[in-house]
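Engineer: Each chain, letter by letter, is given below.
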Amino acid sequence: MKGTWAAGILAAAVLLTGCGGGLPRAREMGEMALMRTMGVDGNGEGTLAVTVSTGKRAVGTQGGTAAPLILQAESLSLSGACREIQGLSSYHVFYGYVDQILLGESMALQGVEPVLEYLSRDVELGLGAQIWLVRDGSAQSAIESGGESGVEEQLSILRKSRELGVGGLTRTAEEVFQDILEQGGTYLPALHCVPSEQEGEASLLEWGYGVLREDRLVGYLEGDGARGLELLAGQGNGDLLEVELSDGLAVVEIGQTTTQFIPVYQQRELKEIHLVCQVNGALTEFPSPMEGEEVNRLRELLDQQETQKIQRALDQLRSWRVDCVGIGHQLSMAAPEGWRWIEEDWERLFVNVPITVTVQATINRTYDDLG
Amino acid sequence: MALFQSGSAGGSPHPRKVPKFPQPLSRENLAWVFEGCADYMEREVRVCGEQNQRVTVCYLLGMTRNERLNDYVLRPLAQDDGLSGAQGDELLRRLEYGALYNMAAARRTELDQVVDDLIMGSCAIFLEGVEDVLTLPVVTEEKRSVGEPENEPALKGVRESFVESIRTNTSMIRRHLKAPDLKIQEEIVGRQSRTQVDVLYLDGIADPELVARVRKRLEEIDIDGVEAAGNLEEYLTDHLNTPFPTMPYTQRPDRFCQALLEGRVCILADGLPMGWMLPGTIDQFFKTGQDRAFHWMTASALNAIRWFCVLVTLLLPGLYIAVVTFHPEAIPLKLALSIVAAKQEVPFSTIFEVLIMLVAFEVLQEAGLRLPSPIGATVSILGGLVVGNAAVEAHIVSPAVLIAVAIAGVAGYTMPSQDFAGALRLWRFLLAILSSAAGLFGLTAGCAALIYHLAKLETFGVPYLAPFTTGAGHVKGHPNVVRPPLPWMKWRDGANHTENRRNQR
Chain A
1 MKGTWAAGIL AAAVLLTGCG GGLPRAREMG EMALMRTMGV DGNGEGTLAV TVSTGKRAVG
61 TQGGTAAPLI LQAESLSLSG ACREIQGLSS YHVFYGYVDQ ILLGESMALQ GVEPVLEYLS
121 RDVELGLGAQ IWLVRDGSAQ SAIESGGESG VEEQLSILRK SRELGVGGLT RTAEEVFQDI
181 LEQGGTYLPA LHCVPSEQEG EASLLEWGYG VLREDRLVGY LEGDGARGLE LLAGQGNGDL
241 LEVELSDGLA VVEIGQTTTQ FIPVYQQREL KEIHLVCQVN GALTEFPSPM EGEEVNRLRE
301 LLDQQETQKI QRALDQLRSW RVDCVGIGHQ LSMAAPEGWR WIEEDWERLF VNVPITVTVQ
361 ATINRTYDDL G
Chain B
1 MALFQSGSAG GSPHPRKVPK FPQPLSRENL AWVFEGCADY MEREVRVCGE QNQRVTVCYL
61 LGMTRNERLN DYVLRPLAQD DGLSGAQGDE LLRRLEYGAL YNMAAARRTE LDQVVDDLIM
121 GSCAIFLEGV EDVLTLPVVT EEKRSVGEPE NEPALKGVRE SFVESIRTNT SMIRRHLKAP
181 DLKIQEEIVG RQSRTQVDVL YLDGIADPEL VARVRKRLEE IDIDGVEAAG NLEEYLTDHL
241 NTPFPTMPYT QRPDRFCQAL LEGRVCILAD GLPMGWMLPG TIDQFFKTGQ DRAFHWMTAS
301 ALNAIRWFCV LVTLLLPGLY IAVVTFHPEA IPLKLALSIV AAKQEVPFST IFEVLIMLVA
361 FEVLQEAGLR LPSPIGATVS ILGGLVVGNA AVEAHIVSPA VLIAVAIAGV AGYTMPSQDF
421 AGALRLWRFL LAILSSAAGL FGLTAGCAAL IYHLAKLETF GVPYLAPFTT GAGHVKGHPN
481 VVRPPLPWMK WRDGANHTEN RRNQR
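Protein chains in written order, with the working numbering: chain A, 1 to 371; chain B, 1 to 505.
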């Protein structure tokens, strides 16, 4: 009797897990091509071009390698293109290892939501992959620019650089999708193909950020604007400030930064937003031990420069009417009651309400070399 | 009722004639019983050389110790002047009460008793005109000497192990536990083998109900002989439909004594150099004689490793099949690339590879065990290294499969109990087959079935999983996966229902 009960409960549990549709299918890994990079381009005529690459492949057990397998197909839908790709090689194309998604500029202009929707629904792909925007080019050309060695290593290095505190921000498809759904806009790290010395190959370099309103590209932030975006996002570490002093060059490396948005309400109206950015810098190069006054001057310079960058990014985002760094979200967290008063009107307020920027820079003394 | 349930054998009772030899007790009838036995001996002796005082000494050659028989039985009979003139019952009484220099003497009135005594190593003395017979144990003490336990080697502990002689074994236990509370009760098991089986327990600590239950089970055993451990285990266990052992055993007297101190009821059998410790809950199969010898942190770590190795040996082949064949996205990228590269040149499916390698591993192990040790080692090297390496180089199996199966196999060797390891090997196959059918779902279902199976097992009324459950109303003892410092282990395991739970101040 107990056994019958246990079997019944087990069967119910099985059905509740959603496994009623059948058992998983067996596949042999030896017959698989493990795709690591997927590129999506739009051609403006309603069709999509999908390019996938395996990266450099291992062959045999003796450490041999082969050139990346790159497959490309066009279709009206991503599903159609992926299905078509399955027939282009003798391998079973497996998307479970795709950890880099490249979006061509045309696709970004056309709208990226269908791509993100597909990623979120596909059982193999998922939303965990890093996503990049190819500036002034197509994802296909970016993937093919890797040549014999593939672009996978380059993209992987870019990601790891960020993890180590240098390089620009990276974004996952999940973060981007979440931003679009909750904030109505987002930003994507942009890459640019630069021809390399080896024939037929190119290097992918970071080139600012593409800003998306809803799911379409509205423009790029680069240089100080891109730096300002990083500070607005509270992730400005890794930048260098080089200042020419009277006796030589001093270099400050920016460490941890935190950004806080403080709303000021008057009679249920948002009158002002205080943006407070705390920047910690470390003096990495200096001509001679510095006095307190020189350190203060350096700090003031750092304040000024970072304020300018933030202001520049803010101005640009407000001109595009895109709150892609989630200022509204942070205001709601800072004062939930006030956010309820302004939530409906936030898009207008984001453009019009005054934002005062305050940068609080600190410069750490290293090894007591400062005076 | 389960397919194989202890005591479920049907049919008519095994025919048994009691008494086996109903004939009157006489020398002639005794000779008739042992007719055709080359080792049956009779020696006629004239008491003090007198013509009319004759006795016959009967014994089984080889079962008795010659010196003892000559010096303490035959010599007094032939030379003791105190026996001169005594006749019939008077002579028998004098022999019984001290004329013969033996530790024991028994007056027997039935042929069955005398036959049993002779088989046990006694000599029987027949007097002319007297119906009763005197038997004196002059058993030989020829046996294998006490050596080191080969299956449970000790780095830090006693270096003695049980031998085939039950009395030697009980004497070792007595030397370890000098308490008068140590009780040794004896049953004779096996119609033909007449094997002495002793039940040992500490009175006042062990559960009397458990003692009674063990004795009852022993009494109920009606078999021809006890020649192997299974002759006891499979008749005493509650469950025959499980590969998991329910009667842990040891070769080490110290571990045996520790079990007695924990309130367990233990069994020794003559002719078998091991002792069983009951009830056998699952944690008993993970314990070694060294657990209490090492520092508690080391012992705990080693014990935890053993439990971890159970998971490895049980799940790794199934997990490999499930992940590689059904859920490749769960493998780290670099490992996946390496597996893909290796698999491209292998003609067999992953499922077939793993299953065939598991079988090959078992075959090699069996071959190594059956051959004499020098050849066995060669077979292991040939099989494990040469054939394995050649199979990988010839792309018959992929290296990852070889590694997974080898790790699973080696992890299984960490089990102190080979019986338990054998059960794990069987379940390893089952889980691998389930994984082949349904991936991680199959593996998970198999694990659930395994837990269900273990939860159903009982050993002498104690749940097999008692260390991990209080569902049966038992107060738990100390943790089992780790070994706390001994001064903290003040309580005996509740599942044993000991009469006295506290073991120290």
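Since the hints were derived computationally from the structure, they do not count as laboratory data.
It is possible that part of the hints are untrue.
List time: in silico DMTMM-like cross-link candidates among lysine to aspartate or glutamate, alpha-carbon distance up to 20 Å [said to hold, decoys possible]:
no.	chain 1	residue 1	chain 2	residue 2
1	B	Lys334	A	Glu105
2	A	Lys56	B	Asp203
3	B	Lys20	B	Glu345
4	B	Lys334	A	Glu344
5	A	Lys56	A	Glu31
6	B	Lys334	A	Asp99
7	A	Lys56	B	Glu345
8	B	Lys334	A	Glu272
9	B	Lys216	B	Asp203
10	B	Lys178	B	Asp203
11	B	Lys334	A	Glu337
12	B	Lys334	A	Glu148
13	B	Lys183	B	Glu219
Here are a few chain A residues that sit away from chain B, every Cβ distance over 12 Å (derived from the structure) [unchecked claim]:
no.	residue
14	Ala67
15	Gly126
16	Thr258
17	Trp339
18	Trp346
Which chain B residues face chain A? A few, computed with CB under 8 Å, are given here [to be verified]:
no.	residue
19	Val324
20	Leu337
21	Gln344
22	Ser349
23	Phe352
24	His478
Owing to the predicted nature of the structure, the values given are computational and were not obtained by experimental measurement.
We put the beta carbon where it would ideally sit given N, CA and C, even for glycine.
Engineer: Each of the hints needs a verdict: does it hold here or not?
Structural biologist: Going down the list of hints, with the structure as the test:
Proximity of B:Lys334 to A:Glu105 is assessed by CA-CA distance (about 31 Å); at most 20 Å being required, the pair is judged violated. At most 20 Å may separate the alpha-carbon atoms for a hinted pair to count; A:Lys56 and B:Asp203 exceed this at roughly 73 Å. For the hint pairing B:Lys20 with B:Glu345, the CA-to-CA distance comes to about 71 Å; that exceeds 20 Å, so the pair is violated. Only pairs whose Cα atoms come within 20 Å are accepted, and B:Lys334 paired with A:Glu344 is rejected, the gap being roughly 49 Å.
Proposed proximity of A:Lys56 and A:Glu31 is supported: the alpha carbons are some 16 Å apart, at most 20 Å. With a C-alpha separation of about 13 Å, the suggested pair B:Lys334 and A:Asp99 falls inside the 20 Å cut-off, and the hint holds. For the hint pairing A:Lys56 with B:Glu345, the CA-to-CA distance comes to about 18 Å; that is within 20 Å, so the pair holds. Of the pairs offered as hints, the one joining B:Lys334 and A:Glu272 is violated, with about 51 Å between alpha carbons and a cut-off of 20 Å exceeded.
Simply put, B:Lys216 and B:Asp203 have alpha-carbon atoms about 18 Å apart, close enough for the 20 Å limit, and the pair holds. Our distance criterion of 20 Å between C-alpha atoms is met by B:Lys178 and B:Asp203, whose separation comes to about 13 Å. This hinted pair does not check out: B:Lys334 and A:Glu337 have alpha carbons roughly 50 Å apart, beyond 20 Å. Of the supplied pair hints, the one linking B:Lys334 and A:Glu148 holds, its CA atoms being roughly 19 Å apart against a limit of 20 Å.
Simply put, B:Lys183 and B:Glu219 have alpha-carbon atoms about 18 Å apart, close enough for the 20 Å limit, and the pair holds. For A:Ala67, the requirement that its beta carbon stay farther than 12 Å from each beta carbon of chain B is met, with the minimum near 14 Å. Look at A:Gly126: its CB is around 8 Å from the nearest CB on chain B, not clear of 12 Å, so calling it non-interface is violated. Against the 12 Å criterion, A:Thr258 stays outside the reach of chain B, whose nearest CB is about 33 Å from its own CB.
For A:Trp339, the non-interface assignment is confirmed: its Cβ lies about 39 Å from the closest Cβ of chain B, beyond the 12 Å cut-off. With a minimum CB-CB distance of about 39 Å to chain B, A:Trp346 clears the 12 Å threshold, and the non-interface call stands. Using the Cβ-Cβ criterion of 8 Å, the hint placing B:Val324 at the interface with chain A is satisfied: the shortest such distance is roughly 5 Å. Taking 8 Å as the C-beta cut-off, the interface hint given for B:Leu337 holds, the closest approach to chain A being about 5 Å.
Among the interface hints, the one on B:Gln344 holds; its C-beta lies about 5 Å from the nearest C-beta in chain A, closer than the 8 Å criterion. Satisfaction of the interface hint for B:Ser349 is found here, the shortest Cβ-Cβ separation to chain A being roughly 6 Å, below the 8 Å cut-off. Among the interface hints, the one on B:Phe352 is violated; its C-beta lies about 11 Å from the nearest C-beta in chain A, farther than the 8 Å criterion. For B:His478, the interface hint is violated, since its Cβ never comes within 8 Å of a Cβ in chain A; the closest pair sits about 30 Å apart.
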